[in-house]
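Engineer: Could you slot chain Z onto chain C? The hints should help.
Line by line, the protein sequences give chains C and Z. With the numbering used here applied, the first sequence covers 1 to 284. With the numbering used here applied, the second sequence covers 1 to 284.
Mixed in with the good hints there might be a few duds.
[Said to hold, decoys possible] Under 7 Å between C-beta atoms, here's a sample of chain Z residues computed to sit facing chain C:
no. : residue
1   : Q57
2   : L58
3   : M117
4   : A192
5   : Q206
6   : F213
7   : T216
8   : G221
9   : P224
10  : R228
11  : A231
12  : L252
13  : A253
14  : E269
15  : A271
To be clear, the hints were calculated from the coordinates, so they are not data collected in a lab. Virtual Cβ for every residue (Gly too), placed ideally from N, Cα, C.
2 protein chains.
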Amino acid sequence: MQIGIVGLGLIGGSLALDFSSQGRSVWGLSRSRATCEMALSMGAVDTAVTALEEIPQLVQTEIVFVCTPIAQVLPTVQLLASHLPAHTIITDVASVKGAIVQSAQAIYARFVGSHPMAGKAEQGIKAAQLGLFANCPCVVCPSEDVEALALVRSLWTGLGMQVYDCDPHTHDQAVAWISHLPVMLGASLIHACQQECDPKVQYFAQKLASSGFRDTTRVGGGNPELGRLMAQFNCEAVLTALSQYQAQLDHLAQLINQENWSAVQNYMENAQTWRSLFLEKSTH
Amino acid sequence: MQIGIVGLGLIGGSLALDFSSQGRSVWGLSRSRATCEMALSMGAVDTAVTALEEIPQLVQTEIVFVCTPIAQVLPTVQLLASHLPAHTIITDVASVKGAIVQSAQAIYARFVGSHPMAGKAEQGIKAAQLGLFANCPCVVCPSEDVEALALVRSLWTGLGMQVYDCDPHTHDQAVAWISHLPVMLGASLIHACQQECDPKVQYFAQKLASSGFRDTTRVGGGNPELGRLMAQFNCEAVLTALSQYQAQLDHLAQLINQENWSAVQNYMENAQTWRSLFLEKSTH
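So that you can see chain C by itself, here it is in the shape it has in the complex (with noise of 0.2 Å):
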């Protein structure tokens, strides 16, 4: 089976690796020339071009993953329709799905939308790693197209990742909560420590700033360009996971100022219990 890949970063780089590791044959596509060369060099791919036309034999490319940031996943879909024999089928990586899978599916009939939820702090080619799917959940979108959804779902099975099918409109609210929300309130906690204006707090504040502070801000101080994507391709999602949030806060913030300790006891019980819902699985 051919496999091509679209964009060569942190999770297109990784499938290449994935993907050739299994003895498939895998061609790469990316604007870097440099990113070829290096995709070409780890063995992660048996052609690297900058461009569509270069690749030979693309009627042999049973399927195409879309590994571009959010933005440019449209464009591309529309580039390959016009390239890609009929039989070839189109995926993606994106982590907002109701911004595209419909688009998508209006532009090439045989697309059908996936989110492998994987990644690390890192980014580029540089940053990919052969198994870094392992063990991680997917979603996979539904389509009418029976054949390439099956497809589509044997190969990130392949990968030992957990699929799961939703529909475009609850992925996006659910990872709202669970991916969005959390970039954008590590992005804000270090705004709120950066303000301190007694340069003395500031100074203590970064030096005492430790493995919590770490964690806290990972996804928030990670990629700027993802984390400004997420919020406009999910917009109305992010804003009321946001708004919900801010609620919770406030009523933190309502139970210390009352000083009921009990309750800001029960409330720390409740997060440490429910948090073990949203994580057990990763343990499985």
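Structural biologist: Structure of chain Z alone, referenced to chain C:
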């Protein structure tokens, strides 16, 4: 040198392991007989007892580390003051200093306030770890007892910690930002996610939560008693930090609501840049 440790949890137990590995004589005091036995079997202490009266040759103790929960520090200092010889020094490890240092020094002149900023998700003696404190920051508060201050500083430095001299009030404001606020906002994130009323969205939020959610909520979903005590004993600074944090969140929500994507991008870029100001020294 004989060292005493009151409270054999994660911090007390790890301290005992470190000091024992340096060849020092260490006694431990815990309310729990099982904890005492575990500390002995781990080789963390030479003697472990459940009552101060049972410690042989208490007169030889040069310094006692109070490693109890925050609320027990002052009662413990009071208890120690009535048993220790006048030459013994007392220090603590509590994450607030304003509520402790002055009162403890009034009870016992040779008290020096400390706050080693080290930890992990697990609690209790079972989680104790050799080298837990290495390369982490530690605050030591001013004292007129120059000799006591020098001993406390040198013992922390000997564990590989970066020691900072900081007055209690400044310390409490700084840790409100980088240690206590992350707990409050992580706990509120878990509450907000759990309040989602659409069961389908709730289901997928739980299934799709991955490393971003895990890291952002690690301290917020940690030890509930510690979270409550931070709020209780550092109430004023925590409320100030919460309020300024909420203003930052409001600002970000407004930018998103205005669809001002270049400003959101800029907000995320600043977060990424500023984060390194708080974390860069951890690579030294």
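Engineer: Against this structure, judge whether each hint is valid.
Structural biologist: Now for the hints, and whether the structure bears them out:
no., hint, verdict
1, Q57, "violated, 37 Å"
2, L58, "violated, 34 Å"
3, M117, "holds, 4 Å"
4, A192, "holds, 4 Å"
5, Q206, "holds, 5 Å"
6, F213, "holds, 4 Å"
7, T216, "holds, 4 Å"
8, G221, "holds, 3 Å"
9, P224, "holds, 4 Å"
10, R228, "holds, 4 Å"
11, A231, "holds, 5 Å"
12, L252, "holds, 6 Å"
13, A253, "holds, 5 Å"
14, E269, "holds, 4 Å"
15, A271, "holds, 4 Å"
In summary, the numbered hints that this structure violates are 1, 2.
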